[in-house]
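Participant: Sequence:
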Amino acid sequence: MARFVNILSRLIKGDRIIWGIIAVLLMISIVIVYSATGTLAFLKSHDTSSFIIKRMGLIVFCGLIMITISHINYKMFSAFAGIVLFLGLLSLIALPFFGIDVNGTKRWLPVFGFTIQPSEFAKIGLIMYTCKILARFQGEKYCLDKAFKHIVIVSGLVLMMIFISDFSSSAILGVIIMVICIVGRVRMRLIGKFMGIMLVAATLFIASSFVLPMPNRVATIQNRVLSYFGMNSNETSNDTYKHQIDQSKIAIATGGYIGLGVGKSVQRNFLPLAFSDFIFAIIVEEGGLVVGLFVLLLYLILMYRAGKLVYRSTRVFPALLTFGLTFGIVFQALINIGVAVDFFPITGQPLPLVSMGGSSLLFTCISLGMILSVTNSIREEEKEALEEHINE
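In my numbering, the protein residues as written are 307 to 698.
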């Protein structure tokens, strides 16, 4: 037993509380994905365990990648930020030509027998690159203005390419980059001007979408937003949207405070994508409001813990990288939960670490691996500084 603990301590690098949050969320994922996919798995293969076996294998694979990355020194992330971003851009360029068409849009790219979402790859690359540029051009009081101009050009290119196939991901990533820039001490005057320009551009785009021919994906976005505000004249789209939200609300209302119990969900048979986009509704239906709030609390603790460790960091790049990646995970979780309770329009964003989906789990684990690497480096730097102080 002692030998096992020793081996585990060598493998697990970084903040133990963050590791605990990851472990709990993955255990919840195994239970809830098994429940949410039970009917679907039976209809497809008459084997209710087929999806969960695949999920558990994926968790092990992604967990090993996360552990490996957590052992890498964070300085390597800065050195390879440009390469990761470049590869992300290449995958986005390849998407229209080699992507897999699902529901009229190409979001997934086949790679060695697997499928990945290039938008997730590009998101990590852009966050890494943004943090690197902000760290390089830090001044005494503010970040130099040319850093923000550089970020705007690069992020604008990436966001436009993601927007073609995935509007919600591009919008979320844009918010993440802006928040990182604020934390990175970019002058608010520059950020205000940029946001004003983007607001005007978005207004013009929305206005033109009603009078000019647009791609099918833009029409889908338009229908979702109009349905959310109850202004959609397309009865088919409006009914589809209303059905999804109503089933999610029924699941949450049925769960009450303590839930129906594990595996006793009823709405999983009626709620589309119950194992992905609306998995939080199934969590509340089976576990009640208590478990739902507990899951939300885990993400908030993750943000708090990362922020606390970043505050102790003496270097700009690792601090910004940890904040940016953690904020991205937590912000996406809040969006997913907000959609389930009808606070946001349907976005198609999964619940990080919990929703079924290989691409989302893989890139979330990569992000967490980098976060754990930074937290481990911070602890080692503090330990070395303490030892030097004692020796003096």
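Among the hints, erroneous ones may be present.
Capping the alpha-carbon separation at 25 Å, the derived lysine-lysine pairs in BS3-like fashion look like this [said to hold, decoys possible]: (1) K499 - K455; (2) K381 - K412; (3) K412 - K319; (4) K555 - K570; (5) K447 - K614; (6) K499 - K319; (7) K570 - K381; (8) K452 - K499.
Quick list of the computed label-pair ranges, beta carbon to beta carbon [said to hold, decoys possible]: (9) G326 - T620: 45 to 55 Å; (10) L463 - G326: 16 to 26 Å; (11) G363 - F386: 20 to 30 Å; (12) L606 - F386: 48 to 58 Å; (13) I607 - V506: 12 to 22 Å; (14) V417 - V366: 37 to 47 Å.
To be clear, the hints were calculated from the coordinates, so they are not data collected in a lab. Every residue gets a Cβ at the ideal spot worked out from N, C-alpha and C, and that includes glycine.
Participant: Now tell me if each hint is right for this structure.
Facilitator: Results for each hint:
1. This hinted pair checks out: K499 and K455 have alpha carbons roughly 12 Å apart, not beyond 25 Å.
2. Of the supplied pair hints, the one linking K381 and K412 is violated, its CA atoms being roughly 34 Å apart against a limit of 25 Å.
3. For the suggested pair K412 and K319, the alpha carbons sit about 37 Å apart, so the restraint of at most 25 Å is broken.
4. With a C-alpha separation of about 17 Å, the suggested pair K555 and K570 falls inside the 25 Å cut-off, and the hint holds.
5. In summary, the hint linking K447 to K614 is supported, as the alpha carbons are separated by about 22 Å, within the 25 Å threshold.
6. Pair hint K499 plus K319 does not hold up; C-alpha atoms about 42 Å apart against a cutoff of 25 Å.
7. For the hint pairing K570 with K381, the CA-to-CA distance comes to about 48 Å; that exceeds 25 Å, so the pair is violated.
8. Between K452 and K499 the CA atoms are separated by roughly 15 Å; this keeps the pair inside 25 Å, and the hint holds.
9. G326 and T620 have their C-beta atoms about 26 Å apart, which leaves the hinted 45 to 55 Å range violated.
10. Between L463 and G326, the C-beta spacing of about 38 Å breaks the proposed range 16 to 26 Å.
11. Look at G363 against F386: about 28 Å separates their beta carbons, and that is inside 20 to 30 Å.
12. L606 and F386 have their C-beta atoms about 31 Å apart, which leaves the hinted 48 to 58 Å range violated.
13. Restraint check, I607 to V506: a C-beta distance of roughly 39 Å breaks the suggested window 12 to 22 Å.
14. Taking the beta carbon of each, V417 and V366 are about 19 Å apart, not inside 37 to 47 Å as hinted.
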